[in-house]
Amino acid sequence: MPSVISFRHAQVSPAERQARFTAWVSPHLQQLHRIAWRFTGHSQDAEDLVQELLLRLYRKPGVWDKPEQPGIWLIRSLHNLYVDQWRRTRRQPLSNRHNLDWDELAGMADSGETDPERLAHSREIQRRLSAAMSTLSQEQRAILVLHDMEGHTAGELSLLLKLPLGTVKSRLFRARRQVREIFLKHGNPAAGFYVLSDELEAT
Amino acid sequence: MNCEISQSLLDVPAEEIPAAARAQIQVHLETCAACRTAWHAQRLLGAALAAVPAPDFSEVAGQRLLARVFAFDTRRQQHTMVAAAAAAVLVAGLVTALTLTRYTQTPEYVFHNGTLILQSEQPTTVGVRFDSGSALANVRFTIDLPQGMQLAGQPGLRHVSWVGELRKGQNLLKLPVVAHAGTHGVLTAELSQNGGSRRFSLAVLASQPNPLAVRLWHGLTHQFDTGT
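Protein chains in written order, with our numbering: chain P, 1 to 203; chain G, 1 to 228.
Hints were generated in silico from the structure; no laboratory data involved.
Hints are not guaranteed to be accurate.
[Stated by the list, open to error] Calculated lysine-lysine pairs in the PhoX-like style (CA-CA distance at most 25 Å, straight line): (1) Lys162(P) <-> Lys60(P); (2) Lys60(P) <-> Lys174(G); (3) Lys168(G) <-> Lys185(P).
Starting from the given sequences, assemble the full structure and let the hints guide the process.
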């Protein structure tokens, strides 16, 4: 029985392979980076996570050029990498690293906001959210990000992540409860909510 | 509905709460200030989560990221090749034969008088077998198809090259091709490693379906050596 030479997986020149991979993944890079940033809470970690995902995929061309819905497939792969593998390779526990990059965030949150006091309040809310989310497990955090930040429903996440609906719901329920409790425990909730309410109205 | 039930639903996603329960919650909130505050806070918290900004990731940043991915991959391949070179043997002396082999039960092509005969416009997977006296890593395979022939599903693609490995013994390459009527040329397969190479060539002819060719398939010996 002869060995089969893998032709399909490497039928193109390196330059063409790079071009195909670039064309395939480029439309999804911004979304991947945004989700990775929300998973990790840090720009450099987000880039590292996406880079590792792309490197793994690029080495398996027979895998990455198959999915019919690459966007969904990429989010699932990113989620799996983040939850299952990425954390183990980090030198520090994520909970110690999970602080928003404030200088960077300030530049984004500043859009039109010039009042230092309001900005401080805004940062305080973000800090408390960040602190609350840092207490979540990787699984809970990922579900919360995809549901409450990215806008997917529990049913969509069940299909997207290939997880039982009950698992998605229970992770989400626990994540939301934990974030709410931690968020309320830090600082003055009423003040925070009023400021937040103003911000929402302002936007 | 009481406060306990109302607040137990705080962390359930809105889309998961049945409409009837939502209506009951609404009624309850109209009379219960504590639950109203809790639900308002939860709504704001959800809005705050949704409003968390994310850094912009520009097209340029994406290109830089991809460039790093490709550079990492290239370095890994170079490292592998250097490691393998010490024990590598020239492919020229080891790959002894290129052999056409029947890949499917359907006689989609025949080999007659040194020529591969294909049915025109018919996607066909040609089985090409390389016999190697030893396992070889980092072998560059280069296939060139004659004018009029292309890889099936890859319009116009007549040249492919990749790095792979050969196992000791028989190695089968499944080559999906399609040829236009009138194609008459030479298919070449070159295997190279460490500066040595071996080149095989095969005459190709595409014709209309021919019952004689089908019969020939069963009567011909398929193995041949076209090594040069």
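Against the structure, test the hints numbered earlier, and report the numbers of the ones violated in rising order. Hint 3 is the one this structure does not satisfy, whereas the remaining hints hold.
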